[in-house]
Amino acid sequence: MVRPGFVLEVDERTPPLLVHEGEGFRLQKFPLGARVIYPPDSLPGIRDVRGAIRHAIANPLDSEPLAELLKPGMKLTIAIDDISLPLPPMQAPDVRQLVLEEVIELAARRGVEDLKLTMANSLHRRMTADEIKHAVGERVFRSFYPKDLTNFDAEDPNGLAFIGTTEKGEEVEIGKRAAESDLLVYVNINLVPMDGGHKSVPIGLAGYRSIRHHHNVHTMLHSKSYMDPRPGHSAIHDSARRMGKVLRDAGIRIFTIETTLNNDVFPDPFGFMNKREWEWSVKDQASYLAAKKANDLAPPKLRHQVYLRIKSPYGVTGVNAGDTDAVHERTLARLHEQQLVEVEGQSDVLVLGIPYIGPYNVNSIMNPILVHCMGPGYLFNMYRNKPVVRPGGVLIMFHPVPWEFHQVHHPSYVDFFEEVLSETTDPMTIESKWEQQYATDPWYIHLYRTSYAYHGVHPFYMWYWGAHALDYLGDVIVVGGDPKACARMGYRAASSFRDALEMAGETVGRSPSISYLHVPPLTVADVR
Amino acid sequence: MAASSKRTRSLADEVREVARGWRWGRRPVVPRSAERVTPPAKVWSFPTDWARTEPGRVARDVILSGVMKPIVWNETSPEVFGLDNLDHLKPPVMFVSNHSSHLDATLILTTLPPKWRNKTATAAAKDYFFDVWWRSAFTALVYGGFPIERGGGERATEKARELVRDGWNLIVFPEGTRTQDGWVQRFRHGTARLAIELDMPVVPIAIVGAYAAMPKGRSWPKKGRPPIRVRYGRALVPEEGESHQAFSLRMQHAIAELFDEDRTSWWEARRRAATGETPRISGPQGPRWLRTWEGSRPVRRRGTPPVWR
Amino acid sequence: MTTQALELFRSVPRYLAARAIGSHVPGLVSGPLSTLRLVNRKDPEPLGEGWARVRPILSGICGSDVATLSGRSSFYFSPLVSMPFVPGHEVVGELVDEVDGMPAGTRVVLEPVLSCLARGLEPCANCASGATGRCDRVTAGHVSPGLQTGYCADTGGGWSRMFVAHRSQLHRVPEEISDRRAVLIEPLSCAVHAALRAGVEPNAEVLVIGAGTVGLLVLLALKELTRPGRITVVAKHGVQREWAEGFGATEVVSPSEAVGEVRRATRAMKLRPERGQSYLLGGVDVAIDCVGSRSSLDLALRTTRAGGRIVMAGIPVEGTDLTPLWFRELELVGAYTGGIETVGKQERHAFDIATELAGSWPLDGMVGATYPLGRWREAIDHALAAGRLGTLKVAFEPHAE
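Line by line, the protein sequences give chains A, B and C.
Taking the numbering used here, I'd label the letters of the first sequence as residues 1 to 528.
Taking the numbering used here, I'd label the letters of the second sequence as residues 1 to 309.
Taking the numbering used here, I'd label the letters of the third sequence as residues 1 to 401.
The hints are all genuine.
Using 20 Å as the maximum straight-line C-alpha spacing, the simulated EDC-like pairs for lysine to aspartate or glutamate come out as follows:
1) A:K293 to B:E17
2) A:K147 to A:E131
3) B:K216 to B:E175
4) A:K292 to B:E17
Derived by calculation from the structure, the hints in this document are not laboratory data.
Please work from the sequences and hints to get the whole structure.
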C-alpha cells in the first residue's frame, strides 16, 4: 500500500530525525511541536518500461502516432534533457536511453536518414563524452557521437534562428537545426514540477537573447513559485508558454515525450534514508551508524568520490507522448501523486537539510552560490499556494558551505563571488550593474563553447533563483556553515541547531512554530 | 565562535544518540501524530520453519517412528481405519479432528502414510505450546507445529496461509482446546473460514478412546493398553458460496458420523446420516455430572472396519 | 466459553529478578522477566446471586500494577491476593447479564473492593459504617482471597475480555461521560478520598508531590472539595507540569526545586544535615504523597510544619527515615480507597463524587494511549516510561484488535 505524504508533529516519542547537510548527514532532535513534512511512499515503477514507451508513442495525446510523423527524406532532430536531470543520476539504463532507442528504431524503420541528436543544455555546461554516454546508452552513443550527437551551443552565431516575438515583446530564438526540422522530438525527465512543458524547447534550446526575458529578477519575484506552473502563479512559466505559442504559430512541429520517476532515491546501503525514522529496524539503525562513522572518518577527497558515484535505483512511474500541453498535464498529475503533501498553515521557521547535489554541480563541487540556489532557491520554492514559512519568517539550513569552487565547471562563479557579492547581495542592483558585462565577456563565452564551463551569466541566474526568498524571508541562518562564505552571501552561521533557533529568536521570538521539509526525496508542500 | 563543519564525535556518542532515540532495551513507540499512518509492529512469533526443512523432517521422522510411535503403540492399542479415503486426494488438505487428548496429534501423524506425513504441519495454540522456547522448539520439531492464535482474527492464521500456499497439509483441531468431559465442543469458526478461503479439501478424523486413555489433566496413558481408534473419513470440499457456518456444521456432522460408525457399523451409520439421526457428539444436555458420566463409558475393545476394505 | 485474558502467575525467580535489575533494564520487565502472560482461559462464572458478567471497554494500568510487575510491591500483599489472577481494577465496561435493576448492556464502572457484601458475609464494623475500603473480611467468604477485583483468582479482572462483579461493585455511568473519562472514575474516587482524608483547613498550605494521574486527580479533588490557600505541585515531566497548571495549581515545581519553593512560600528556616537532604523547620500544613517512592515520602517529611499532616495516597515502598515524624509531631495518614465520605454536612459515596467530577472537569487526553491485549508488552513498557513519553495514563482496550 503506497501511503500518502503526511505531516508529523514532534512529540516525546519521536526519535531524532535525519537531516542532510551536503556530503554528510546527522540526526537532529527537533523541539516538541515542530512539524515534519514527509513525502508519500515511493510509487511502484512500471515493470515493462520499453513497452510503456512504445505504447505512448503509438497512442500519443492530441497527436498522430509518431510512426505516422516519420517519413523518408524528412529532417528529424531529437533534443534531450541534459545533465541537470535526474538528481542524483539514474542507475543504468537511464530512461532517456530507453526512450531514444525506441524512437530511433522507429525512425530507422520508417526510412529517416537526416537525423541529429542534441543535448538541450542551453546556457548550462557542455556534457563530457562519458556523461553523454551514460544518458543515451552505448548503442546510441556509438551510432551518433560526435558528429550527429552534440551539445547545444547557444553562442554559435550561425547556430541560432530568430523565430519571432511574443505579445509581451519577448524575443524567441532557438537552435537553427531544431527550427528548420520537419519534426522536433523532445525527450524529457520531469523531476520537479518546474521542468517540462514549454520549458523544454523554448528554454532548453535557446540562447541569452531569449533567456534574459524570463531569467531575470522581475520574473523571479513574480514566480510564486516556479514549482507551481499553473497560469498566473509562475511568471517564468507564463513566459515559456507565450514563447511556445510563437514556436507553434511559426509552424515548428514538436513531439514531446515526458517521463516521471518515483522516489527510490537511495541505493541499498543507504536504504534507511528512505524510511520514516520511527520505522527504522535494528538493521537500519546499524546501517545509519556504519554510514555515519564511515562518512565522518573518510578524508574529504575520498568522501567526495563516494558521493559522485551515487546512482539512484529509480523506477519510472509514467511515460506520456504527443502534444506538449496535453502531455504535460498528465505528467504533472503523476508527479503530484508522487510528491504532493497537504500542509495546514504556515510556520515561523522553515528548516532544510541541503543535499550534496543540485542541477548545476553534477560530477562537480557545490560552491556557496549553488547552496544559495538549492536552499533559498529550489527547496524554498517547493510549495503550492503559499510558502511553508510565513512572510518575514526565518530559513534555517544545514550545510557546511565550503569556500570551494570547481575551476573548470564554474569559472564565472569564482569571479561573481569575489567581485559582485562582496559589494552587494541585492539581486536588482546586481542585475543592473553586472549582468550584461558577465553575459558578453568573451573569455567566459570561449570557455562555455570549448571547455566544460557554465555560461558567464549563469551565476547571476543562481542568485536570482533565490530572489523571491530573499525578498520574503526575515533571516537566513546556516547550521555548520563556513562563517566567511555565509557572511559574503548575507547569511548568518550557527554552530548548532539550538544556537540557530536562538538567533532566529531575534526575528520570530522565543518559541516559534517550526516546519522541517524532510527532503530528499523531493516533496512539494501544498499549503492551505 | 562558530567552528566550521562537523565536530567529529566519537562512535560512542553516535551509538548513545541512536540508543536513546530508538529506546534500545525497550519496546518501540510511534509518535502520536504518526499512529494512523504507521502499520503496527509485527508481533514476534517463534520461528518454526527450520523444522520443516529436509534435516528437520528427517529428525521428525526419526522421533515419530523411532520414539513416539513405539511408546504410544505400547501404552495403548490403536487401530486405524479409512486411510483409503486419502487415495485420490491431492495436497494440500486440512486434517480436522476432535480433540480430547495430547495423544491426538501424535496419533494422526503416526497413522498418516509417509508421503502425507512428510508434508504436514500441525496448528498449535500459541499461548500454550509456544510460551517458552524449549516447548516451542519441541512442538515445532516433533509435530511440525506452527503457532496459531486462539483469539482469532486475520493475524492469527497468517502462518497457516503461508504454509498452505507452499503446499503443506495442515492438522487443525477446530474445538481449539481439549474437551473437559469427553464430548466434542463447539467448533470455532476460524477453521471453516480458513478452509473456504484457501479452497482446501477437509479430511474429517474421529479419534475414539483417546479421552478415556489420556484425558486432560494426565500426561501418561492409563494402565492396561486402552483401545484407541483413528477413523479417517471422506474429504469434504467447500461448495460454491457456502458460508463458514454451514461448512463448520458439515465438518461436525462428518465427525459425528465417524463416531456413529465406530459405535455400530458403517451401514447403520450411513442410514442414520441420511435421515439426520446421527447421535450428537456434543453430548447430552444436562448437569455436568451426567455429561461426564455418559462420556466416560468404556470404549469397545475392537472396532468394526467399514464394509469394504 | 474462553476468551483472552492477561494473567499474573506465581514465579518467585522472575519476581526477584525483576526486583533486582528491573529498574536498570526496563525492557526485561515487559519481556522475559514478566510474570504476566496472555492466555485463553475459561470465562469466570458469576459467583452466585447478585453477580454479573462484565465486558471491559477500557481498563487502566495503575501505578500499583506497574509496581507489581517490576517486583517492587511488598510481600505484605501476598495473603491478600489469590494467584493466578487477572489484573485490572480501573475498569469501565458493559454488563453482559442483567442484575438487580440494571439491564444487560448498561455501562458501568467498577468499585473494585471485594467487601463483605460481595463475599456473602454479614457486614463487618467497617463495611457497616460505609468504609468498605477498610473491610476486614477480604480473605473470607465464598470468594477466594483478594482485596479487590484484579487481585482475585475467582473474579477475573479488567485486563481481559470478561470478568464478574457483584452488584455492590457496580456503578452506572451517565451517557454524557465518554469511556475515556469513565475509566478515570475509580482513580478519581481514590483521589477524592485522599483529599478528604487530608483534612485541609481553609487557607491551608498544601503540597502535592507527584503529578502523574494520582497527583493530578488529587489536585482536582482538592480544588473541588476543599478551600486551601495555595497548592504547590511537584512534577517531574513537562507534560505533567502542563496538566497541573491547567488544573489550577498555584505553583508547579520540579523535585529539586521543591524544598526551596516551599521555604520561600512559608518563610520557613532551612537546615542542612551532614548527610542527607536539607529540610525545613516550618513548611506546609498538609503534604500529599502521590508517588510512593522513598524520595517522595522523604520530601514530605522534610517540608511539612510541626503538627502538620502527611497523606500517603500512593503505596509506599521501602521505609524512610521517620525522625521528622517524631520530632515535628507529624501525623502520617494512609489513604487507600474511597467509600462513603463526609463532605461538609453530607454523606456521599466517593464514586458519586468522582462521577460528577469526571463530567465537569476537562479530563480528555489523560488517557494518552490504549492498547489491545495482544500488545501488552508494549503497553507495560509504555506505562513504565509514561511520564518521559509524554503520557499520563495507559489503558487496555481488550476488545480492540
